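Chains as they are written, first to last, in our numbering: chain A, 1 to 110; chain B, 1001 to 1110.
One thing to keep in mind: the hints can contain errors.
[As the list claims (entries may be wrong)] Some chain A residues well away from chain B (every beta-carbon gap over 10 Å; in silico):
#1 I13
#2 N24
#3 Q33
#4 L58
#5 R60
#6 D83
[Said to hold, decoys possible] To be clear about the criterion: a stretch of chain B counts as covered by chain A if any three or more of its residues have a C-beta under 8 Å from a C-beta of chain A, and this derived list gives those stretches:
#7 1034–1043
#8 1097–1106
Honestly, the hints are just simulated from the structure, not real lab data.
These numbers were taken from a predicted model, which means no experiment stands behind them.
Using N, Cα and C, we set each Cβ at its ideal position, and we do this for glycine too.
Here's the letter readout for the chains.
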Amino acid sequence: TQLLEQSPQFLSIQEGENLTVYCNSSSVFSSLQWYRQEPGEGPVLLVTVVTGGEVKKLKRLTFQFGDARKDSSLHITAAQPGDTGLYLCAGVLSGYALNFGKGTSLLVTP
Amino acid sequence: EAGVTQSPTHLIKTRGQQATLRCSPISGHTSVYWYQQALGLGLQFLLWYDEGEERNRGNFPPRFSGRQFPNYSSELNVNALELEDSALYLCASSFSYGYTFGSGTRLTVV
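Please model the complete structure; the sequences and the hints are all you need to start from.
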C-alpha cells in the first residue's frame, strides 16, 4: 500500500505552460518534502514544508502543504525544458524513515 | 563539502550470488538510509542506520541486510540474488530535515 499517492503519473507539456502536481495521503505527516530526480542520479531535495497551510516559493515553483498536513501540491509557472525530471513527494511519519510517492514524470518540450 | 558517495556505480551479478553495496555519508551525518528504486515501484525503504544501530527496516526479506561502521559509512548486502532484485539502490544521509542522496548503485541480476 502506497502511503502517498501522486498525480498525474506522467505529464508532457510545452515550454511556457503552467502545471500542478498533487500528493495526497490519508495519513498526517509531521513534514513533507519534494524532490526532483534526473535519470541516473539520486533525488535532490527541493523544499520541506512543516506547517499546515504553509506556502513556499522557489523561483517558478510554488509548494503548498494542506491545512490538515495530509496533502501537498507543486505548481510550476512557465515551465522550461530544464524542469524535466521525476518529481517525488515524501513524508515522515513519527519514528520512521521517509515514505515516498511513486512520482510524477514531467517532460517539458521546447 | 563532499556529498554522499556510493560504490560501485554499476554491478552485474548472477542469480543466487551475493552483492555488497557501499555508502559514505556526508561528514557529520550519523543517519544512513537505504532505498530500492525498481522500475514502476518508486523508492521503497529498505534500512535505516543511526549511530551504528539498525533503527528500522522496510518490508523486505532477511536476505537484505546491512551494517553501519564506526565512521558512519554503511554497507548493504543482498544474499541469494533474484532477478527482481535488479534496481537502483540509493543511499541517503541526513542531519535534520531532508535527505541528501547519492547517485546510486545500479544492480543488474542476470
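### Least C-beta distance from R60(A) to chain B larger than 10 Å
holds (21 Å)
#### Entry: Least C-beta distance between D83(A) and chain B, which was stated to exceed 10 Å
holds (19 Å)
### Query
Is it correct that the beta-carbon of Q33(A) has no partner in chain B closer than or equal to 10 Å?
At roughly 6 Å from the nearest Cβ of chain B, Q33(A) sits no farther out than 10 Å, so the non-interface label is violated.
### Query
Checking C-beta pairs, does the segment 1034–1043 of chain B have three or more residues closer than 8 Å to chain A?
holds (count 5)
### Task
Against chain B, does N24(A) hold up as non-interface, every C-beta pair farther apart than 10 Å?
holds (15 Å)
### Task
Mind verifying the non-interface call on L58(A)? Its CB should be farther than 10 Å from each CB in chain B.
holds (13 Å)
### Query
Does the claim that I13(A) lies outside the interface with chain B hold up, using a Cβ gap greater than 10 Å?
holds (22 Å)
### Message
Tell me whether the statement that chain A covers the segment 1097–1106 of chain B is true, taking a Cβ distance below 8 Å and needing three residues at minimum.
### Response
holds (count 8)
Consistency with the previously given hints fails for number 3 only.
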